[in-house]
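Participant: Spelled out from the first residue to the last, the chains are:
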Amino acid sequence: MQNRKQSLAFILKIFAPALAAAVCLAVQALVPDASTQPKAKHPYFTYFMLAMVALQILLAVRALVSKRGAQKVLGRWAFRSVVFLVLTVFNYVIAKRALFPILYFPTYDRILGVLVEERAVVLKCLLYSLRLLLFGYFGGAIIGFFTGVSMGFSRKVSYWLSTPVHLVGPMPSTAWIPILLVIFPSAFSASAVLIGIAVWFPVTLMTASGISNISQTYFDVAGILGARRAQQIVRVGIPAAAPHIFLGVFNGACMSFITLVVAELIGAKYGIGWYINWQKEMLAYANVYAGLIVIAIVFSLLVTALFRLRDVALVWQKGVIKW
Amino acid sequence: MVAAAAAGRIRIDNITKTFINEADANATVRALSNVSLDIAPGEFVTLIGASGCGKSTLLRLIAGLIKPDSGSLSMDGEDISGPGPERGFAFQDHALFPWLTIAGNVAFGLKTQGVYAERKADVAHWIERVGLKGFEKYYPHQISGGMCQRAALARSLIVSPKVLLLDEPLGALDAFTRMNIQDEILKIHSGEQTTMIMVTHDVDEAVYMSDRVVVLSPRPGRIRETIEIDLARPRARSSADFMAYRKQLLNILHLGGEDTGADYVI
Chain B
1 MQNRKQSLAF ILKIFAPALA AAVCLAVQAL VPDASTQPKA KHPYFTYFML
51 AMVALQILLA VRALVSKRGA QKVLGRWAFR SVVFLVLTVF NYVIAKRALF
101 PILYFPTYDR ILGVLVEERA VVLKCLLYSL RLLLFGYFGG AIIGFFTGVS
151 MGFSRKVSYW LSTPVHLVGP MPSTAWIPIL LVIFPSAFSA SAVLIGIAVW
201 FPVTLMTASG ISNISQTYFD VAGILGARRA QQIVRVGIPA AAPHIFLGVF
251 NGACMSFITL VVAELIGAKY GIGWYINWQK EMLAYANVYA GLIVIAIVFS
301 LLVTALFRLR DVALVWQKGV IKW
Chain Y
1001 MVAAAAAGRI RIDNITKTFI NEADANATVR ALSNVSLDIA PGEFVTLIGA
1051 SGCGKSTLLR LIAGLIKPDS GSLSMDGEDI SGPGPERGFA FQDHALFPWL
1101 TIAGNVAFGL KTQGVYAERK ADVAHWIERV GLKGFEKYYP HQISGGMCQR
1151 AALARSLIVS PKVLLLDEPL GALDAFTRMN IQDEILKIHS GEQTTMIMVT
1201 HDVDEAVYMS DRVVVLSPRP GRIRETIEID LARPRARSSA DFMAYRKQLL
1251 NILHLGGEDT GADYVI
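Chains as they are written, first to last, in my numbering: chain B, 1 to 323; chain Y, 1001 to 1266.
For the record, the hints were derived by calculation from the structure and aren't laboratory data. Glycine included, each C-beta is placed from N, C-alpha and C at the ideal position. A few of these clues could be false.
[Said to hold, decoys possible] Which chain Y residues face chain B? A few, computed with CB under 7 Å, are given here:
(1) LEU1065
(2) PRO1098
(3) THR1112
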């Protein structure tokens, strides 16, 4: 009896996400949209939920046959189910009943429609943003790294630079916009420098503080084993400070995302931040949400990649910050 | 290896070292006062004494990590001006680099001297010699304190130092691991003819390992007495002679108790 109860609960949990997805699909397919909501070209959300139901059934079936699959589903079943139920509630309130102003709350069909029908523009904007991010982020991080290393190892550099760094660093980099626009010839270079400044400070600060926190014993050991000054910096200083440097690089990434969206407001021709703002002004809110979804996915992927990189580079101290 | 045995003489001539308190420049601590000591090549000398007697300071001076206020230190006739691979150092808390594997730590000295390519095989040799075969790819936090200390010894010894300075390297280990590693250090000592200078708080360890025990007294640190340990190796930790040396040392350190005044005869 006990066993049967347990296995019943097991089956319920395994199939709960699929069930919730089916409910969501049923509401989407069977309840008609409010007449005031503009129609999309295709019922994209219906297609999406069909795929989701199929995926959840697949996962559930896999859970029945494989132990690992079961563990994976059991670990996430409640979260997944609730996600589909929340989607259902929003869909009902927004699309089916139009309880919120339809101008600002478009149907899922239309939001997904933007991602499908206007994918060329969205992709172009995304690539422009990534290019800007690449130049600004790496430029700022590399300069920040070298500033931090030289401040950490040289008293002279630290003497001359610490006051300017502490004065300029905490300024929100966006405060520089009026000046950067005058100094730099193009909107792209001004935006890249803006992002660079935002990244440079956390990387500099964490690198320098990481180096100054290294136990003297490590340098003693290196000296006894015949390491010269340059070797002490490269073989001891930088690896020992690496966990701090990573924190700076991570904080810098977050700062660069914020700055990117703002930087694209200054004379950009394309870019995901620019796109969102442009569509907002056109009151095309389906496009605004589509842009937000793209930003959320891409930035999350970038942060994930950063943490994967850390897991490889800092395998010796895995698990200090989790993502 | 006759030439190797002849190298590794340390001469300490009348050195004084004072530390200035960072918080209060007027408050100075006299760590060592007029200390002179000659250590022969291949000798095993232990420095023992209460906390604050300057024994670790003396070791760091020999390593070249700090400089004396006055007096001179030399190795094989050359003044000691800074740290170098000819004088190895084993720290109390192994001080392995946490970002390197055991093999990476042991190889460190070869890499800094640019001889890693031709002497790669030495890494495996020393790892095996200290009993860590199979742990090459582990990181320090994944293995025990005793194993870390073994790895640290291998890291010091791979660059063939003439002198090995041991700053209570076994202080944090449990009794069994401790005795084990003591024997391994002695094996290396007799095998490589390395001069060894060890700081310890442990009277048994001092008697078991040393040719000579130097007792220091604190404030200011100075040499109070030197005892030659004239026992054949390997030594039995429970022999009567061993006990007698032990008692003698404890008495010098005022740790022998009241009734043990003069009943030892050697």
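Participant: Each hint: holds or not?
Facilitator: How the hints compare with the structure:
1. LEU1065: At 5 Å from the nearest chain B Cβ, LEU1065 (chain Y) passes the 7 Å test, so the hint holds.
2. PRO1098: Cβ of PRO1098 (chain Y) sits 6 Å from chain B, so the hint holds.
3. THR1112: 4 Å, holds
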